[in-house]
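Trainee: Letter by letter, the chains look like this.
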Amino acid sequence: MSATIAPDRAGPIAEAVAAGELPGRVWLYSNYHCNLACSYCLTESSPRSERRQLTSETMLAVAEQAGALGFTGLGVTGGEPMLLAWLPDTVAAMAEHLPVVLLTNGTLLGGARIERARPLARDDVAVQISLDSHLPEVNDMARGPDNFAKVVEAVPRLLALGVRVRIATTTAGQLDDPRLDPLRELVSSLGVAPDDHLIRPIVRRGRADERGLGVTAAPRDIPSELTITADGAFWGSFGPTVRAGRLDTDLLITRTVLPLAVPANVLLAVARGLPPGNDTNLGIR
Amino acid sequence: MARVELLDAASAPLTAQRYFAGGDPGPIVAALATVPELLAPTLEFLGAALGDGAVATRHKELAILRTSVLQGCRYCVHAHTAVALDVGLGVEEIRALHGEVPVESGFPDVGERALLGWIDAMAGATGPLPDDVWEAVRQHWPDHVLIELSVTIGATLLLNRFATGFDLPISPAVTVRLESAGLT
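Heads up: the sequence lines are chains A and B, in that order.
All the letters of the first sequence, read from the start, carry residue numbers -12 to 272 under the working numbering.
All the letters of the second sequence, read from the start, carry residue numbers 5 to 188 under the working numbering.
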């Protein structure tokens, strides 16, 4: 997105985003439950997790107000968002306000269920699917049985439907490890452009912290993306983590979610009070 | 044990962490920190309502402790009995505020007795303020004192219900001090 501010979006948040003081994307945790239970999951999501879901109305209001305040993009994550029947239509409606990245594990799109993704086939929506290794057994060890096969099946079908697909790889190793090259080749062979393949570290929070996995990050090391959940607004998408069943509150900004200006202005005030972080060097995104 | 989670320095939200920098901030702050956007404005209000103002500290503490007694707030009575000692109230006066002895025996001054009658009507009753209570208090106290004290009483009522409703724990150190003064 351009760094210039549209005339109808002038204001402290728009100015801070344009100046790089705040990231442009607002994240929404649509829900916390998931059909998988990945070993490094920041939110301890699993089929048994409390749903703690946002309503479609709240997500649409966040999208509309985020655009009006001057944010430049939206991200939807969970849990597994595609467990919510109404989610694809809601994401398409959100994209009327700002471009959306939808994170999914890609395992709920087999067979005829691929049709659920049809509303996502638009220029302003990208679907980001996790894939951690070119070796099925390695990928599935962390992410669950048959995950690899389901993802490798889903990606070309989504692309054929006209959906933009990004792949996200979460690694416990170095981000430039040459052992990731076969995975890069696999992703490319699935039809995903190299620029749409994100490789990022495990952040040591939530379940990853309990298991001693990933990079240690102080608040200033975590990108200060405004993140909206059913429990409130947080500093960064790595903020609303869960460990031993308890929500981490150290990166809680406000319990108030709407109007979005309330948490956005607190986030900006906190961001201006913290020294620069190391998020770029750590590769946290 | 409190009925709600009391946050500590590790779990305190970013905007609440400054209240934990000097150690345990006490259970009111530790509970309020769960809703961080309310913490600063609430503490600012409580500080203005309960702290120094135009009204003498002695009379503010009369209002705070008497209101807490009338509301049956164990936490606030405990904490403000210690504050009352700090600001110079005598043991007999505190016992009168606690309701252990008649108000007349603790407070011979007619003006202070009128003030306590007004505090009782404001904090321990519902409905219109009786005319005789109002006529008695206004003979001794100007409007600005009563208005300031009404805000003090209101803030105390908030804290009374907050501390009682969530069963906030009393401080063992304060208990020891009160016992040594013959107050429990």
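Bear in mind the hints are in silico, worked out from the structure with no lab data behind them.
Because the structure is a prediction, the values reported are computed rather than measured.
Treat the hints with caution; some may be incorrect.
Unchecked claim - A partial selection of chain A residues facing chain B, derived with a Cβ cut-off under 10 Å:
#, residue
1, I101
2, E102
3, G178
4, T236
5, L238
6, V253
Said to hold, decoys possible - Here are a few chain A residues that sit away from chain B, every Cβ distance over 10 Å (derived from the structure):
#, residue
7, S43
8, L146
9, E172
10, S176
11, P206
12, T241
13, R242
14, P246
The C-beta atom is built at its ideal place from N, Cα and C for all residues, glycine as well.
Trainee: So, for every hint listed, does it hold in this structure?
Mentor: Status of the hints after comparison with the structure:
no. : hint : result
1   : I101 : violated (41 Å)
2   : E102 : violated (42 Å)
3   : G178 : violated (41 Å)
4   : T236 : holds (5 Å)
5   : L238 : holds (6 Å)
6   : V253 : holds (6 Å)
7   : S43  : holds (25 Å)
8   : L146 : holds (40 Å)
9   : E172 : holds (42 Å)
10  : S176 : holds (43 Å)
11  : P206 : violated (6 Å)
12  : T241 : violated (4 Å)
13  : R242 : violated (5 Å)
14  : P246 : holds (12 Å)
Checked against the numbered hints above, the structure violates hints 1, 2, 3, 11, 12, 13; every other hint is satisfied.
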